[in-house]
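Can you make the complete structure from the sequences, with help from the hints?
Protein chains in written order, with this note's numbering: chain A, 9 to 435; chain B, 1237 to 2089.
There could be a bad hint or two in this list.
[What the hints assert, rightly or not] One-sided excerpt, in silico: chain A residues whose CB lies under 7 Å from chain B:
#1 G352
#2 C354
#3 G390
[As the list claims (entries may be wrong)] In silico DSS-like links for lysine-lysine, alpha-carbon gap of 27 Å or less:
#4 A/K206 - B/K1274
#5 B/K1303 - A/K206
#6 B/K1245 - A/K199
#7 B/K1440 - B/K1365
#8 A/K300 - A/K366
#9 A/K193 - B/K1239
#10 A/K193 - B/K1633
#11 A/K206 - B/K1239
#12 B/K1650 - B/K1274
#13 A/K199 - B/K1633
#14 A/K366 - B/K1365
#15 A/K270 - A/K413
#16 A/K378 - B/K1365
#17 A/K300 - A/K271
#18 B/K1981 - B/K1716
#19 B/K1314 - B/K1303
#20 A/K199 - B/K1532
#21 B/K1637 - A/K206
#22 B/K1443 - B/K1390
#23 B/K1532 - B/K1810
#24 A/K257 - A/K284
No wet-lab data here; the hints were simulated from the structure.
C-beta: ideal position from N, C-alpha, C; glycine also.
Spelled out, the chains give:
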Amino acid sequence: MTEPRVFFNFGITDDSHTLSAYRGRGGYQALEKALRTMQPLDVEKEVTTSGLRGRGGAGFPTGSKWSFVDKKSPVVYLCCNADEGEPGTFKDRWIFEHNSHQLVEGVLLAAYALNVRHAFIYIRGEFDLSYRRLLLALEEAREAGLVGERILGTEFSCDIIVHQGGGAYVCGEESSLLTSLEGFKGYPKNKPPFPAVKGLYQAPTVINNVETLATIPWIITHGGGAYAGIGAQNNTGTKLFGISGHVNKPGIHERPTGYPLKKIIFEDCGGILGGKALKAVIPGGSSTPVLKGFEIENVTLDAESVIKAGSMLGSGGIIVIAEGTCMVRLLQVLTRFYAHESCGQCTPCREGTAWMDKVIGRIVAGQGVKGDLERLEAVTSGIMGNTVCALGDAASMPVASFIKKFRDEFEYYIEHGRSMFDGRLEI
Amino acid sequence: MVKLTIDGKNVTVAAGATILEAAATVGIKIPTLCWLQKVSPTGACRVCAVEVEGVDRPMTACNTPVKEGINVTTQSEKLTEIRRKLLELLLVNHPLDCPVCDAGGECDLQDSCFGLGASRQEYSALLEKRPIRYDWKLLESDPNRCILCEKCVKVDHEIVGADAIEVVNRGEATIIDTHDGAPLNCEFCGNCIAACPTGTLISKPFKFRGRPWTFNITKSVCAFCSAGCQIEYHARDGRVERVTSEDDTYNSGNLCINGRFGYSAFNAPERLIIPTVNGAETDWESAVSTAANRLKGIVTAHGPDAAAAIASPRLTNEENFLFQKLMRVAIGTNNIDSEARFGYAPAQALLAKNIGLYGASNPIDRIDTAAAILVFGCDLNAESTAVEYRVIKAATKNDAKLVVANMRDVKLTKYNHGRLKYRPGSEALLVNGLIRAILDAGVEDREFIAKYVSNLDALKESLAGISLSQVAEATGVPEKDIIESARLIAGKSSLAIIFGADAMRSTVSADCIAALGNLALVTGCLGKEAGGLFPIDEKNNAQGMLDMGVAPDSLPGYHAGNAAAVFETAWGAKLPAAPGKDLWQIVEGIEQGSIKALYIAGSDPLAAFPNNRRIRKAFDKLEFLLVQDSFPTESAKMANVVFPASLAPEKSGTFTTLDHRVQCLGKAVNAPGLAREDWDIFAELYGKLAPASVITGPEQILTEIKALSNLYGGECSVVKGRCQGAGKRGFALKEGLSFVPVSAKSADGGDYQLLVGPILYHNGTISGWSANNLTVAPEGYIAIAADDAGRLGIAEGAAIRVTSSAGSMTGPARISKALQKGLLFAPHHFRGLNSNALLEGSANLVTVKVEKG
Ligand SMILES: Cc1cc2nc3c(=O)[nH]c(=O)nc-3n(C[C@H](O)[C@H](O)[C@H](O)COP(=O)(O)O)c2cc1C
Ligand code: SF4
Ligand code: SF4
Ligand code: SF4
Ligand code: SF4
Ligand code: FES
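Printed below as a string of structure tokens:
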């Protein structure tokens, strides 16, 4: 049986990213179909039926998100979240580099469904090839009458504006993405009001991840029902998984949801480097709680299964950790990242992330003191759930889970002033 | 309305209210650190966390709107734990130098930690030390103490509109700083200091002056501009050491640089503390006797009209009242006037005649809610900052449409929807153009006109002769902008028209004011709940002074000749029948030799009045000059007798704001040295001139004012600070008004015209004695448009010489983008620059010659 493919459905060549190549494989036919034969609400209905859940990390049902928007509002905005900043996540980049047109078509379909005249793509500032490929695609699309006034000769007009981010991870958080787009410092906002009610320039706004939007053309072409038939029941479709870390063949794989995690690591990615044992897996981007090797035994790649195991599917960035890795020092990489990326607005995250990083740093320097672990745990619980945006949670979950699952390593480090696993991991 | 439950209590509040507000209505207090009522919620500290049934994470009460039927818990073990942890985290990076911190004793963080039993030890890690900003003026910032509640930034952005400070960096490195890290360069209002709940932003001049609780706090009223902000003086050992204002005041705790920092003038080492006679120090008895004898001598020899007086908008109502009574009764002349003659008094007289209006038609808080606002010929930032805050609030929070008509770009132009940048001298024509455009568009307030105004046709007829293209041509304002602005201000549910010195002291002031009166009628801006007509004066008690009859032709309460009998009975004296001389006539009288004695209180004509070279020459001719002042002013230096007087924090009495709020001062300190309250000095002199009189103090005078003026009333004891019980009759709109014909010529200037006026950092000349104000704005300058500077080869800071027919000055050039070609501006506060000397008469504009200095 060939698995259905939403993304990996063509061979990559030097010009497979161009408009003619995309059209050659049926590109923009979903747009034709929608504009000529469907009402905006029909598009939304298909998306709802498909069961598609956001691919940006939170996994919120896309159709439901769209339904909150008052489409009669004089202005509605759509923002494509292409800030892809979560460590371990690199799937959106693949889409930009190899098939930007698929995203453009998805944006147009969403814009049509939501009565959007101006859509924005907020793209990570460090992306270079992605950015160029996107601009190229937009230029081609504009020339072909696919973007701009009276698209494909219909009444529907939509412009797509690309904005490059300034390098702050927090700008991937939807409300700060909007503040940043508006030209201010990228500060997350308190919710409510939610962007669907009051977003960009106070107008109702939908923010969707690149992968989410790029999936829409497939859904319109094949029908929401067909999409719902793929993968796990409550988390349908296929998904891009980016596997990194100690595997033999790191990279991007498209798999139906519900696919066994072990299989992707040991079969698709060729197993652990140097034949080492699997120590741990961070299943959905750096902010999701770590799982110990044995905990992934029966885990499948869908929200429910990963949650049952004690973590989250997140953005689909799977970080594989081999036996012999020092979890204390690994955690420091993460705490440093989050302390650096905290926007500094709200007390628990600003003070807490910096404090956690300092304490971990102290432990790594061999100066940890008794009670550090208890206090770290107390701080994570003080942060979690008490912040303006989810970065606070994202920063706390690794700390809490690392300490919980590898407490002996941390205690050893504090007691002996050095790691159980000295030096670099030899592979 | 929304119904919900908070801690088991049923609450009903308006939709859109926050949980915090809802809780407050039933007396439930939720702890907060970053919430400040007068600005938008920040939601950063998370201390106000509450539980909402069915929601898994705690919600912040300060910014979460209520929802029907929700069940909120504000106190629980879990919440206490969250709040305690938050505070402990805050303390991680807090130096805990409470014993030396200036906020010690008035720090929200200290209080909260105490309340929740949070201690720093829990989380002590490495403390990062961030540099303290010692290099700012008037303010100091110690970022180590900052809890990043953003109150300062919000106040700076939303209320003051200065956008001077912001949150910079991110994560733990986040601090409050200027956007480029350069030393603070802002309005120095200190409202951010007041908002700061910790010791981060502090007042430099107040630093280490003492712990907050060791000061005597006296409620009073600001003594600088005519908005009358409500303040507290903090005094110790006979000195005012700081000025604050609470958020529950009329001005919501917001002050400007003068209100907050101008107090250092009171403590100036230059203060006059001993009476002098012919330059020699003496005691009060001999000084007052000398003055009385000299005055008596002159009156006996030349008649009472050989004496004249100049009163002051700085004096209290009671003092001004007593001063004019002294002149009218004890001396027997109506020769009393003041600097209001240059603009405020004639403008008021005109509007009184045309529409029955004295001062403002509504309290200034009605500006906040006006649907549209026209600020005409007024740099509110400098003339009355508190009114500017209201305009900013209206335009940014309440959606008011704002039109700024000014020959210069002023701060408010950044908020305007319509902009009328007119040529100097074309003010009246511009107003007529606006009226014409309103009538053309048919957006006049027909209902209002039908009810109150009789002669719309006459107005139409009088405007028939002008076309908007002519107006555009002569004013330099594009026709479409006039039409657009007319649409913005007219046809709205309410309109505030605010006008200031450039209107009242325009070269065509009478026409301009009459035209503004017409505009007020056409737009129906009078007699409504919101909006109104608001004349602005730079000085605090201009309105009260005029109310008190400080004018050659009106008695207290604007009573004229035929009411004299009442006053004569009350005062047991015959009043002079003929009107006295106004200010310029007094100068003429001195020049001609008919006036031989002059009594000046609280004003310095030789520095603060226009054309003061002429005045100086005139003063040379006086037989007797008596000056009562707190400072060694230019005029005091020429005086035969000098009486050292008190300043606002040293006296009792009342001030009247431009919008008729009569507010009592609180006496915070005693006058320095031998200086005495002005009323007390007047009373003593009065006693010497008319021995039967007994004056016991401001209470007694106020009682008399109430009895005679028919303007002030109500219960009030003058001793209690800031009491508003003296109540003044406000404006009552009457029917049967008419438009008045306005001959709207444009005054034609030469190539260069100099505008002389106030700037934000000073108020009158008194702030020139204030070390605090002087650190920010130490000296005068001459602003010139970039074009003109280029043509004349004048560089920034280079000396520039400006000459008019009345005088000349040399000062450092400041190249300005705010000025149109051919226009220069010089601040009028500085004795050194003495820009006033170039003005030829009352107008604040004069044709000049400009050259390199
Ligand atoms: C700190 C932070 C960073 C985030 N970064 C990204 C990102 O880079 N890309 C992304 O799509 N979503 C990111 N998100 C999630 C977005 O807030 C949002 O949920 C998502 O864009 C919604 O799109 P979806 O419904 O299509 O998943 C981030 C969230 C947080 C809290
Ligand atoms: S949780 Fe962190 S990143 Fe998010 S708003 Fe608060 S401080 Fe900023
Ligand atoms: S002193 Fe006033 S203008 Fe300056 S930063 Fe503070 S609030 Fe802003
Ligand atoms: S300086 Fe003061 S007011 Fe401003 S954020 Fe810091 S603590 Fe708050
Ligand atoms: S000078 Fe005016 S605006 Fe400033 S504090 Fe005093 S009354 Fe208020
Ligand atoms: S008071 Fe509500 S978050 Fe600070």
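Going down the list of hints, with the structure as the test:
Hint on A/G352 holds. Least Cβ distance to chain B is approximately 3 Å, under the 7 Å limit. Against a cut-off of 7 Å between C-beta atoms, the interface hint on A/C354 holds, since the closest Cβ of chain B lies about 5 Å away. Interface hint at A/G390: satisfied, since its Cβ lies 3 Å from the closest Cβ of chain B, which is below the 7 Å cut-off. Simply put, A/K206 and B/K1274 have alpha-carbon atoms about 22 Å apart, close enough for the 27 Å limit, and the pair holds.
With a C-alpha separation of about 17 Å, the suggested pair B/K1303 and A/K206 falls inside the 27 Å cut-off, and the hint holds. Proximity of B/K1245 to A/K199 is assessed by CA-CA distance (about 25 Å); at most 27 Å being required, the pair is judged to hold. Under the criterion of a C-alpha separation no larger than 27 Å, the hint pairing B/K1440 with B/K1365 is consistent with the structure, at around 21 Å. Taken as a hint, the A/K300 and A/K366 pair is honoured in the structure, with Cα atoms around 25 Å apart against an allowance of 27 Å.
For the hint linking A/K193 to B/K1239, the alpha-carbon distance of about 37 Å lies beyond 27 Å, and the restraint is violated. With a C-alpha separation of about 21 Å, the suggested pairing of A/K193 with B/K1633 holds against the 27 Å cut-off. Proposed proximity of A/K206 and B/K1239 is supported: the alpha carbons are some 24 Å apart, at most 27 Å. For the hint pairing B/K1650 with B/K1274, the CA-to-CA distance comes to about 21 Å; that is within 27 Å, so the pair holds.
The straight-line distance between the Cα atoms of A/K199 and B/K1633 is roughly 21 Å, inside the 27 Å bound, and the hint therefore holds. Restraint check for A/K366 and B/K1365: satisfied, since their Cα atoms lie roughly 14 Å apart, inside the 27 Å limit. Restraint check: the Cα-Cα separation between A/K270 and A/K413 comes to about 19 Å, which is no more than 27 Å; the hinted pair holds. Pair hint A/K378 plus B/K1365 holds up; C-alpha atoms about 26 Å apart against a cutoff of 27 Å.
Note on A/K300 and A/K271: the hinted pairing holds, with a Cα-Cα distance of about 16 Å set against a maximum of 27 Å. The straight-line distance between the Cα atoms of B/K1981 and B/K1716 is roughly 21 Å, inside the 27 Å bound, and the hint therefore holds. For the hint linking B/K1314 to B/K1303, the alpha-carbon distance of about 23 Å falls within 27 Å, and the restraint holds. Taking the CA atoms of A/K199 and B/K1532, the gap is about 78 Å. The hint is violated against a cut of 27 Å.
With a C-alpha separation of about 23 Å, the suggested pair B/K1637 and A/K206 falls inside the 27 Å cut-off, and the hint holds. Our distance criterion of 27 Å between C-alpha atoms is met by B/K1443 and B/K1390, whose separation comes to about 24 Å. The suggested pairing of B/K1532 with B/K1810 holds, with an alpha-carbon distance near 17 Å, which does not exceed 27 Å. Proximity of A/K257 to A/K284 is assessed by CA-CA distance (about 14 Å); at most 27 Å being required, the pair is judged to hold.
Comparing the model with each earlier hint shows violations of hints 9 and 20; every other hint is respected.
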